[in-house]
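Trainee: Under my numbering, the sequence shown has 285 at position 131, and the numbering climbs by one with no breaks.
Note that these hints are calculated values from the structure, not bench results.
Do not rely on the hints blindly, as some may be mistaken.
[Said to hold, decoys possible] Derived SDA-like pairs (lysine to any residue); straight-line CA-CA distance at most 20 Å: (1) K322 x G308; (2) K274 x T286; (3) K362 x Q401; (4) K299 x K362; (5) K404 x E368; (6) K404 x E349; (7) K382 x I345; (8) K299 x R339; (9) K362 x S396; (10) K404 x R339; (11) K382 x I372; (12) K382 x G292.
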Amino acid sequence: MFSKRLARILCVILFALISIVFLSISAKHPHRYTLVDRVVMAGIVPFQEGVTRTMHFCTRVWDHYFSLVAVRDECDRLKGMLAKAEIEKGRYLESELACQRLRKLLKMKAEVPHGMLPAKVVGLDPSGWFKTVLINRGTGDGVSKGMAVIAPEGIVGRIIGASGRYAKVLLIIDRSSAMDILVQRTRSRGILEGETSESCRFKYVVRKADIEVEDTVISSGLDGLFPKGLRVGAISEISRPSSGLFQEVKVRPFVDFTRLEEVLVVIE
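Put together the whole structure using the sequences plus the hints.
Mentor: What follows is the structure, given as structure tokens:
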């Protein structure tokens, strides 16, 4: 089988060589076109066509290869530009959101008749036992224990400890937190105590008190900790037991403590 294939290849090569020789001879006498010339032309033209087609095919493949390389390089370049654009977009959006929060803080600072010190939340209580945050203001900035901390949405908590550059804030949702509050609509009073990250207990609300779900509760100012009239939250649940002196009431804080980033410390 192998010898037959080799014989065919040798015959093709031999025929090609003979054809080339006859063509060379014919080229010296271009005006002569003999029977031999016709036979040689009939045999060699298909071979030349095959060679020409093969060369054209190889040329096209080579050109397409370089085109694909160029397209790939351009694609990589565009991907890099797109990634940079996305990063810049993220930075711009973050800056815009920060500006919006700062505008709210400035508006609140102008509305509340007390000295305000802006601060950033820089840490959380890692133990998880207490609902506290750290802010980047301390005794060096005039911050001291017991000062109220607020946000544009409402009351955040109070300072329970401070160093030169930092202070710890006890959030109103901590179980050890307590403050005197009242219902803005009816002026019914009680004590707000922390319960969970989403609600607080409104204690000592007498059974006959006129309160409704979604009523806004504010600081009363009677505890000496928080200025009067600051927003705290909205009543989210009311239960009136068949016996007892008080209603069982829950309050949903206005502040989203999971997204807290900037606050104001009431320094006067």
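Trainee: If a hint holds in the structure, say so; if it doesn't, say that too.
Mentor: The hints, checked one at a time:
| no. | hint | result |
| --- | --- | --- |
| 1 | K322 x G308 | 18 Å, holds |
| 2 | K274 x T286 | 14 Å, holds |
| 3 | K362 x Q401 | 9 Å, holds |
| 4 | K299 x K362 | 37 Å, violated |
| 5 | K404 x E368 | 10 Å, holds |
| 6 | K404 x E349 | 9 Å, holds |
| 7 | K382 x I345 | 14 Å, holds |
| 8 | K299 x R339 | 32 Å, violated |
| 9 | K362 x S396 | 13 Å, holds |
| 10 | K404 x R339 | 16 Å, holds |
| 11 | K382 x I372 | 8 Å, holds |
| 12 | K382 x G292 | 24 Å, violated |
The structure is inconsistent with the numbered hints 4, 8 and 12, although it conforms to all the rest.
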